[in-house]
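Student: In case you want the letters, here they are:
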Amino acid sequence: MFSFLYNPGKFFIAAEKSHNYIKMTAIYLMIIGILYALVFSPDDYQQGFTVKIMFIHVPAAWLAMFTYALMTIYGILALSFKITFGYIFIKAVAPIGLIFTLMCLITGSIWGKPMWGTWWVWDARLTSVLILGIFYIIIMILNRSFDDIENGEKISTIFVLLGSINLPIIKFSVDWWNTLHQPASISKLASPSIEISLLLPLIVMTIAFKVLFLFLISLRVRAEINIRKQILKE
Amino acid sequence: MSQINKNLFIFFKSILSISFRDIKIQFRNMSYIYSIMIFFIMIILIFIFAIGPDEEQLKVYLIPILWSILILCSCISINNLLKDDYLDGNFGIYQFTGISFELIAISKIFTSWILYQLPILILMPFIAFIIEINETKIFHLIITIAIGSPILTVFTLISSAMMLTNSKNLILGSIIMIPLCIPVIIFSIGAITNDQELFTAQINILLSIFFASLAIGPWVISGCIKIALKN
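As they're listed, the protein sequences go chains R and U. According to my numbering, the residues represented by the first sequence are 88 to 321, in order. According to my numbering, the residues represented by the second sequence are 75 to 305, in order.
No lab work stands behind these hints: they were computed from the structure. Heads up, some of the hints might be wrong.
[Claimed, not checked] With a straight-line Cα cutoff of 20 angstroms, these simulated DMTMM-like cross-link-like pairs (lysine to aspartate or glutamate) come out:
no., chain 1, residue 1, chain 2, residue 2
1, R, 320, R, 234
2, U, 242, R, 234
3, U, 300, R, 240
4, U, 157, R, 234
5, U, 98, U, 162
6, U, 304, R, 131
7, R, 169, R, 237
[Unchecked claim] Listed next, the stretches of chain U that the computed footprint assigns to chain R, with coverage defined by at least 3 CB atoms under 8 angstroms from CB atoms of chain R:
no., region
8, 187-196
9, 243-253
10, 294-300
For glycine and all other residues, C-beta sits at the position ideal for the given N, C-alpha and C.
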């Protein structure tokens with residue numbers, strides 16, 4: 088039943104079938120989420136209108152980390168169970184993760200200028216996210232700079248596994264060090280310290296970003312599978 | 075029991091002979107080791123010219139600079155560590171000896187620490203003496219380098235094993251290695267420059283990174299060598 092998650096052929100068919108549904112869901116959820124966030128949610132009593140940046144910044148940051156976690160899972164699958172779909176997935180998904188990381192960094196620095204007074208601080212959270220972006224770039228370079236494609240994808244997968252140490256560092260950096268970045272205010276399970284009128288549009292935007300991410304994955308993985316088919320034909 | 079002892083003896087003997095062979099090859103022509111030491115001193119000179127001869131500023135900046143130069147010195151030896159053995163077919167022969175590549179990787183860590191990091195560690199007290207930082211800081215600097223340089227060796231070996239089949243993009247090895255070194259430099263500089271109370275805590279974290287890299291490193295290195303040997 089779940090074989091489309093690791094079988095390239097079945098993934099291709101499933102992605103082709105669900106293409107239109109995912110696209111329309113992503114568009115509608117984006118429109119609803121942006122309207123809800125920009126128009127129908129109140130301003131923050133301290134930050135004013137700049138709090139609206141949160142609705143892009145937080146989902147992008149979550150997705151930047153989620154992409155790397157997915158790549159790590161597929162890397163373990165690829166190296167230990169010889170599932171070649173893992174290599175295809177990592178090669179296709181690394182640029183998406185890079186884009187989300189850049190989005191998170193840029194919106195964060197735009198938000199930081201009015202709130203903290205600086206565009207950039209060498210803070211634990213900010214630096215570790217920057218390193219995450221550098222890791223995505225290194226994975227992309229590693230995939231492209233070997234004569235033998237198979238070697239390149241195996242070695243970039245090993246690098247993905249090595250770099251996954253960074254994920255817990257990003258998550259807990261606000262707790263371990265004294266940082267300018269605020270600690271987590273949503274994932275406290277018992278009592279989230281965010282107002283419910285701001286939390287609801289954030290949840291809608293997060294789901295919209297997740298669906299957009301699924302859409303991008305299905306596009307890029309299908310393109311990668313097509314490229315490999317072409318290489319095999321030649 | 076005696077059979078196991080005999081096997082262990084053969085096993086250590088074979089690892090030691092591999093290490094001695096590598097050391098012998100490098101000692102036939104010492105120029106590479108000398109050039110790494112000269113490179114180290116030259117970059118310190120460049121930094122001193124850049125900062126200026128003001129003693130107060132030198133005392134603040136030179137310890138972080140020494141550590142960064144140590145990382146740079148490890149980077150320049152990346153393409154030299156495993157590639158010779160790969161190109162002249164030694165790894166292909168090791169495949170038939172029955173010794174696993176993890177153990178060869180351990181012997182490689184040992185030899186490349188002795189060849190490329192130990193000279194710098196020996197050089198370090200003299201350099202610190204010239205710079206005139208106070209004695210406890212020199213002591214801390216030498217301790218952190220003694221713990222930290224094996225970690226750097228493991229990282230250089232990982233990236234050089236990754237770069238075995240890559241012949242066109244030689245700078246990629248150091249690009250892989252430098253992000254992995256960030257925690258090492260954070261905690262070692264923290265141990266030197268912070269207060270005395272925090273010293274043992276930071277050294278403990280550094281030691282934990284050391285043991286973790288010794289445990290994981292050989293495994294990763296041997297995996298990369300096996301990937302390179304497949305074709």
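Student: Quick one, are residue 242 of chain U and residue 234 of chain R close enough, alpha carbons at most 20 angstroms?
Tutor: Given that 20 angstroms is the threshold and the Cα spacing comes to 9 angstroms, the pair holds.
Student: Can you confirm whether the C-alpha distance between residue 300 of chain U and residue 240 of chain R stays at or below 20 angstroms?
Tutor: This hinted pair holds, its Cα atoms lying about 14 angstroms apart.
Student: Mind checking the alpha carbons of residue 320 of chain R and residue 234 of chain R for me, to see if they're no more than 20 angstroms apart?
Tutor: 19 angstroms, holds
Student: Mind taking a look at whether chain R covers the region 294-300 of chain U? Criterion is 3 or more residues with CB to CB distance under 8 angstroms.
Tutor: That given contact holds, which follows from 3 residues of the region 294-300 of chain U lying within Cβ reach (below 8 angstroms) of chain R.
Student: Is the hinted pair residue 157 of chain U and residue 234 of chain R satisfied, with a Cα-Cα distance of at most 20 angstroms?
Tutor: Given that 20 angstroms is the threshold and the Cα spacing comes to 16 angstroms, the pair holds.
Student: Take a quick look at whether residue 304 of chain U and residue 131 of chain R sit within 20 angstroms of each other, Cα to Cα.
Tutor: With a Cα-Cα distance of about 59 angstroms, the restraint between residue 304 of chain U and residue 131 of chain R is violated, given a limit of 20 angstroms.
Student: Does residue 162 of chain U lie within 20 angstroms of residue 98 of chain U when you go C-alpha to C-alpha?
Tutor: Distance of about 17 angstroms is within 20 angstroms: holds.
Student: Residue count check for the region 187-196 of chain U against chain R: does it reach three with CB-CB under 8 angstroms?
Tutor: Contact hint for the region 187-196 of chain U vs chain R: violated, 0 residues under 8 angstroms.
Student: Do three or more residues of the region 243-253 of chain U come closer than 8 angstroms to chain R, measuring C-beta to C-beta?
Tutor: holds (count 5)
Student: Between residue 169 of chain R and residue 237 of chain R, is the straight-line Cα distance small enough, at 20 angstroms or below?
Tutor: 12 angstroms, holds
In the structure shown, a violation is registered for the earlier hints numbered 6 and 8, in ascending order.
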